[in-house]
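Participant: Here's the letter readout for the chains.
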Amino acid sequence: MHELSITEGILSIVLAQAETNNAKKVTRVNLKIGKMATVVSDCVRFYFELMSKDTIAKGAEVKIEEVPIKGKCFLCKGEFEMDELCLVCPKCQAIGVEVVSGKELFVESIEIE
Amino acid sequence: MEIKVMKDILVNNNLVAEENAKTFKDKGIFVLNLMASPGAGKTSFILKTIEELSNSFKIAVIEGDIASKIDAEKIKERGIPAIQINTGGACHLDASMIKNALDFLDLSQIELLIIENVGNLVCPVEFKLGENLKVVVLSIPEGDDKPLKYPLIFSEANALILNKTDLLSYSDFDIDKLKEVVRGMNREVKIFEASCKDGKGIKDWSDWLKGQIYAFRLEGLKSG
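So the protein sequences, as listed, match chains A and B.
Everything in the first sequence is counted per the working numbering, starting at 10 for the first residue and increasing by one.
Everything in the second sequence is counted per the working numbering, starting at 731 for the first residue and increasing by one.
Extracted from the complex, chain A is given alone in its bound form (with noise of 0.2 angstroms):
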């Protein structure tokens, strides 16, 4: 549910990032979601076509680039990738990881005419 929200959020960015470079139609919005941020694509899209339906950015491609969640050992500082989160080193088998990335939620760039 929290989609509704971070809708809102990325459709006020484009649009207003559109404004300033005088843009008469946003064509695709790039967007980064981390993994761990538990954001439906889905419902994302379809939350961007209600809501951009009377603005210059209805109709435009709603592309999201998943950043996997990457985690740094706490003992031996190593880092690595995980499908999900997994607290156990998969090099010194140590119990403690800093998530290094996957939280993200970040619109990337936007494309006009």
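Be aware that a few hints might be false.
[As the list claims (entries may be wrong)] When the alpha-carbon atoms are kept at most 16 angstroms apart in a straight line, the in silico EDC-like pairs for lysine to aspartate or glutamate are as follows:
1. A:K41 / B:E886
2. A:K33 / B:E886
3. B:K737 / A:E93
4. B:K734 / A:E93
5. B:K858 / A:E113
6. A:K112 / B:D738
7. A:K34 / B:E886
8. B:K734 / A:E117
9. A:K112 / B:E886
10. B:K879 / A:E28
11. A:K72 / B:E732
12. B:K734 / A:E28
13. B:K737 / A:E113
14. B:K757 / B:E949
15. B:K737 / A:E17
16. B:K734 / A:E74
Bear in mind the hints are in silico, worked out from the structure with no lab data behind them.
Computed from a prediction, not measured in an experiment: that's the story for all the values here.
Got chain A; can you put chain B on it based on the hints?
Facilitator: Below, chain B without anything else, positioned relative to chain A:
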């Protein structure tokens, strides 16, 4: 034409949260953002904290729920100012909701503001409110697997309250395992075992919170 943006999607919320944090700092108000799933015992825990600390600090509460005034009324019965925010479906509080709620509180009469977020282990953690501490309540009946299922909220918490420990003997909840997992994702978190039923752990928590509030005041004095 591609325009590089690189902006945090929650930038607007974060800006309002910073504004709130500045208001709180200027007024000397220490703020807790209390998060948990529905039924973990957030309101009972707030009531216990009020019992323990209302002689030391002027307390106020903001209650976030999808619907109803039940929680704010429970707090008001104790003579503590409380504002109920009904999100009308939204699954979390955001910084603007808090900013608007502040208009209904006498900020000069508050030293500790406890914000009870909407019962949910997913969304609230993404939305900063301007708080000093994020506190998560996890109750024993929910099970010790929750941190692995909802890692973000447990990895961001400053304090974790394990509530309803009076039910431990009826449950397979493994407290040691839970602590190991939570500390594995969050080294700084302070963990308290508590029960609102028999009062266990409430004093330890309240003493720690007192220390945090005094440290906040000291910092405020230093920064003028």
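Participant: Mind listing which of the numbered hints don't hold for this structure, in increasing order?
Facilitator: Violated hints (numbers, rising): 1, 2, 3, 4, 7, 10; every other hint is consistent with the structure.
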